[in-house]
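Q: As a plain string of letters, each chain reads:
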Amino acid sequence: MKIFADIKDKTFIFEQFMQNGTPVIRKDNKDQTFRFESLGRNRYSLIINNRSFLVNILRKDGIYHVNVDGEYFPIRVEDERSKTLRELVQHASKGSADQVIVAPIPGLITQIKIKEGDEIKQGDGLIILEAMKMENEIKAQVDGVVKEVLVQKGSPVDKDQKLIVIT
Amino acid sequence: MFKKILIANRGEIALRIARTCREMDIKTVAVYSDVDRKSPFVYFADEAYPLEGLTSKDTYLQINKILDICKKSGAEAVHPGYGFLAENAEFAKSIERENIVFIGPSAKAINLMGNKTTARKLMINAGVPVVPGTEDPITNIEDAIKTAKKIGYPILIKAAAGGGGKGMRLVEKESDLTQAVESAKREALSAFNDATVYIEKFVEEPRHIEFQILADAFGNAIHLGERECSIQRRHQKIIEEAPSSVLDTALRKKMGEAAINVAKTCEYKNAGTVEFLVDKDRNFYFLEMNTRLQVEHPVTEMVTGLDLVYEQLLIASGEPMTKKTSIESFWGHSIECRIYAENPEENFSPSPGIIKHILPPDGPGIREDSGVTSGSEISLYYDPMISKLISWASDRKTAIKRMIRALSEYELQGIHSTIPFLINVLQHKRFIKGDFTTNFISEESSLFDSNEAKSEIAAFAAVILDQQEKNRKKIQVANNENATNWKTSNRKKIVDRS
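Listed in order, the protein sequences are those of chains A and B. Numbered according to the working numbering, the first sequence spans residues -14 to 152. Numbered according to the working numbering, the second sequence spans residues 4 to 501.
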């Protein structure tokens, strides 16, 4: 069975099976034997074709957060069936004209530059979000009209909290 | 020497100061906000007092609360660290009023240097070269427009009370000026409680090079050489090193003398840093003086063998400092990397959260100054720095290699960090050659690339773990079915028996 690993904008395709009692992983028609041991505390020792790696893996919200040699990668792992299913759902939810702007980081709303009914252009500053004493300006990604402002000046917001709806 | 001091700070710097104190048999008093209750600097200290509150404003910036704790604990001196009240003359004054020693310069020197516009005036009079710009703060936008036109774009708007790039804006054309002034003022007000800003000519292709100064009450004033701090993002330093690859002995001597001159002009005592911009023709301009211990002080410690906190304590207690003459050469090469809880791919936006697991590197030539541990939270309330990693080696090339090795070894889970980005900077051809300015990060988009080979290993590991867990679940389900069967058959037997 094919297994898909989405990593940033790339997708790796793997197959995993047993061969003469040893686990094998196949990628791009190349078979590699491996040994994988949990060291506790989300740390793993991976030896693949005799190359040795220490890997930190944390699973959160269906994503594997992997650290290797100082690098960090968020990875989604799916088999063929769940991938098709997810893509169908995503496709169905598209087509709505409203665009919701969410907070990229938690912080405090220090300024709202627009009001409901305003026409905005791509690149216009909409909201100033202060986090860790830095001002972050949230800009419009598309042209449109402000349908709804869901926050007020001075209100604290969480990451991914809805701020503005644009149609 | 003091018997007990209070450390009016948090995180890595509070811990770093406490460590030297312990080596000197000085008792330490920590103060902490609600979110910092479980921080290492609290349990490392000999005594700890709550500041009751969350925000900096309600806690580490509360002069009165800290003064009360000084009196309650019987601390003889206060070390302010960096940031918070470190460059607050009012704080230094209030402490001295209670006959407690402020471990730093006099309130007068802080005042003179803390206000960037008065400092500039003073330096012009002392013959120290400064960047062209306004001598007075901007009071109205019409004057700002006129001044900017006169010195020529691009210009920088800077907070008079500034530091750390906060309240600073680069303006390339007149139409952006008004908005930039307003936003700089807002940020300055929030960060320093002072909205005063001024205009400076933007020096193009600059390098940021600073000199460490030490001066005591016996008239000794020396410099400990430079730190190269040109690798910056959002005007904040992220990699510092000593020595700088553009300074030779002659320029080091000239700049060092200018730095001592700056310190003498304000009758400076204790440790301080004089910051310069060096342009492409190796002209240098006074930028500002930081009247405190710097974040990046460890690189100077590594190449001089001095403990700057130890020297600060000597000077503050009225003893002569260890070294009486400026340094002429360094012992090897040292680099510091600041590891921040930030996501470089999203314009270095803060990535707060709980550190699930942290295991810093060690081995030859590596020092780590950190204030967190597994389970610590990087909150939104303070600076998102996780730790400072410092490497030392006999030469620059080896110090870079060593730092890359150490960063690759660093284990950190639960939050985004700048570690991969720092590795990319250190591996970059221009960095290795020493060919960079403060614009380096914005010029080099390849710094944001991720490593192909490592991504494949990461994907391997995620897939293997995913499959293992799926198999384990299958086995569990099978076991559960068996258990149920066994239970039912056993129950049956019992029923049958009765």
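It should be emphasised that the hints constitute simulated quantities derived from the structure, not laboratory data. Built from N, CA and C at the ideal position, the CB exists for glycine as well. Check each hint, because a few of them may be wrong.
[What the hints assert, rightly or not] Over the 12 Å line for every Cβ pair with chain B, so calculated as not near, a few chain A residues:
#1 GLN4
#2 SER23
#3 ARG36
#4 GLN84
#5 PRO91
#6 GLU115
[Stated by the list, open to error] Computed, partial: chain B to chain A, Cβ under 7 Å:
#7 GLU190
#8 PRO353
#9 GLY356
#10 ILE357
#11 GLN416
#12 ALA465
[Unchecked claim] Computed footprint of chain A on chain B; a stretch qualifies when at least three of its residues, placed anywhere within it, have a C-beta under 8 Å from a C-beta of chain A:
#13 8 to 14
#14 123 to 134
#15 295 to 305
#16 466 to 479
Q: With reference to the structure, classify each hint as holding or not holding.
A: Results of checking the hints against the structure:
Distance to chain B confirms GLN4 of chain A as a non-interface residue, since its nearest Cβ pair spans about 15 Å, more than 12 Å. For SER23 of chain A, the non-interface assignment is contradicted: its Cβ lies about 9 Å from the closest Cβ of chain B, within the 12 Å cut-off. Its closest Cβ contact with chain B, about 8 Å, brings ARG36 of chain A to no more than 12 Å, contrary to its assignment away from the interface. Every CB of chain B lies more than 12 Å from the CB of GLN84 of chain A, the least distance being 19 Å, so the non-interface label holds.
With 12 Å as the threshold on Cβ separation, the claim that PRO91 of chain A sits away from chain B is violated: the shortest Cβ distance comes to roughly 6 Å. Under the 12 Å C-beta cut-off, the non-interface status given to GLU115 of chain A relative to chain B is violated; the minimum distance is some 7 Å. A hinted interface residue such as GLU190 of chain B counts as satisfied when its beta carbon comes closer than 7 Å to some beta carbon of chain A; here the least separation is about 5 Å, so the hint holds. Nearest Cβ of chain A to the Cβ of PRO353 of chain B: about 5 Å, under the 7 Å cut. The hint holds.
At its closest, the beta carbon of GLY356 of chain B sits 9 Å from a beta carbon of chain A; the interface hint therefore is violated under the 7 Å criterion. Checking ILE357 of chain B against chain A: minimum C-beta separation of about 11 Å lies over 7 Å; hint violated. Here the hint on GLN416 of chain B is kept, as its CB sits about 5 Å from the closest CB of chain A, short of 7 Å. The closest approach between the C-beta of ALA465 of chain B and any C-beta of chain A is roughly 4 Å, which is under the 7 Å cut-off, so the hint is satisfied.
Evaluation of the coverage hint for the segment 8 to 14 of chain B: breached, as 0 residues show C-beta separations to chain A shorter than 8 Å, against a requirement of three. Requiring three or more residues with a Cβ within less than 8 Å of a Cβ of chain A, the coverage given for the segment 123 to 134 of chain B is violated, as only 0 such residues are present. Coverage of the segment 295 to 305 of chain B by chain A is violated in this model, with 0 residues showing a Cβ closer than 8 Å to a Cβ of that chain against a need of three. Interface restraint, the segment 466 to 479 of chain B with chain A: holds (6 residues with C-beta to C-beta distance below 8 Å; minimum three).
Going down the numbered hints, you'll see the structure goes against 2, 3, 5, 6, 9, 10, 13, 14 and 15, while the others check out.
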